[in-house]
Each structure stands twice: as C-alpha cells, then as structure tokens.
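Engineer: Sequence:
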Amino acid sequence: MKRPSQSHRPAGPSQRMLRVGELVRHAVAAFLQRGEVEDEVLSGAAITIPEVRMTPDLKLANVYVMPLGGERADEIVAALDRHHRFIRGRIGSELDLRFTPELRFFVDTSFDEFARVD
Numbered sequence: 144m145k146r147p148s149q150s151h152r153p154a155g156p157s158q159r160m161l162r163v164g165e166l167v168r169h170a171v172a173a174f175l176q177r178g179e180v181e182d183e184v185l186s187g188a189a190i191t192i193p194e195v196r197m198t199p200d201l202k203l204a205n206v207y208v209m210p211l212g213g214e215r216a217d218e219i220v221a222a223l224d225r226h227h228r229f230i231r232g233r234i235g236s237e238l239d240l241r242f243t244p245e246l247r248f249f250v251d252t253s254f255d256e257f258a259r260v261d
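Numbering (my numbering), first residue to last: 144 to 261.
Treat the hints as calculated values from the structure; they're not laboratory data.
Being a predicted model, the structure only gives us computed values, none of them experimental.
Per label pair, the in silico range of CB-to-CB distance: (1) Phe229 - Phe249: 12 to 22 Å; (2) Gly187 - Arg162: 25 to 35 Å; (3) Arg228 - Ala173: 13 to 23 Å; (4) Ser236 - Glu214: 23 to 33 Å.
Note that the Cβ used here is the ideal one computed from N, Cα and C, for glycine as well.
Work out the full structure: start from the sequences and follow the hints.
Structural biologist: What follows is the structure in structure tokens.
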C-alpha cells in the first residue's frame, strides 16, 4: 500500500482561511455600511462584498467588491485602495486576530462570469 506524498496539499483554501476571510468580509462590510470613509466616490454608494480570499499565512486579504448595479466599479475600487490603510486600522479592533491582514480591493467579476455561462 502506497503512502500519500508528504508534500500533497489540498487544492482549495483551508478551513482557517475560509473562517478568517468571512470575519474580514463582515468587518469590512460593516465598516463600509457605517460610511466612515470621507470620499466623494464612496459616499452614497451601495457596495457588496461577495468574497474575501485570504493567503495561507493570513497576512493578505483580497477583498472582492461590487457596487450595486455594477456602476463605477473601477472608481470605487480605486477609492477603496486609496483608503486601505485607514480601513485596515478601523477593522483591526473588530477582528480577534493576532495580525490584521493587509487589504487589497478588486472588482468582483463572478457575476459577469455567471451571466456569460447562463
């Protein structure tokens, strides 16, 4: 009987990465809902955060955002990137983690992919 390779890793994210990603997603969504960022691009924008993907070391969070209706998505991501340090500092106290991950914002294209496949 063969032993599985020691270097074999699962293809998908670990349970810990998924759990921390959900914590970060909820914290960023709550922060944006409160409207604490003073930016004319973000004011009044309804932003959905469908997913946060964590790196295996939990130091980096890729935050996927989609504004309601998909309008001005690139502008909104650019505005969030400008304020990523401020957002990270504010959500750090809400997260029960040793380190608050760096945040990178991206436009979520999964809705477009679903529409294309459909």
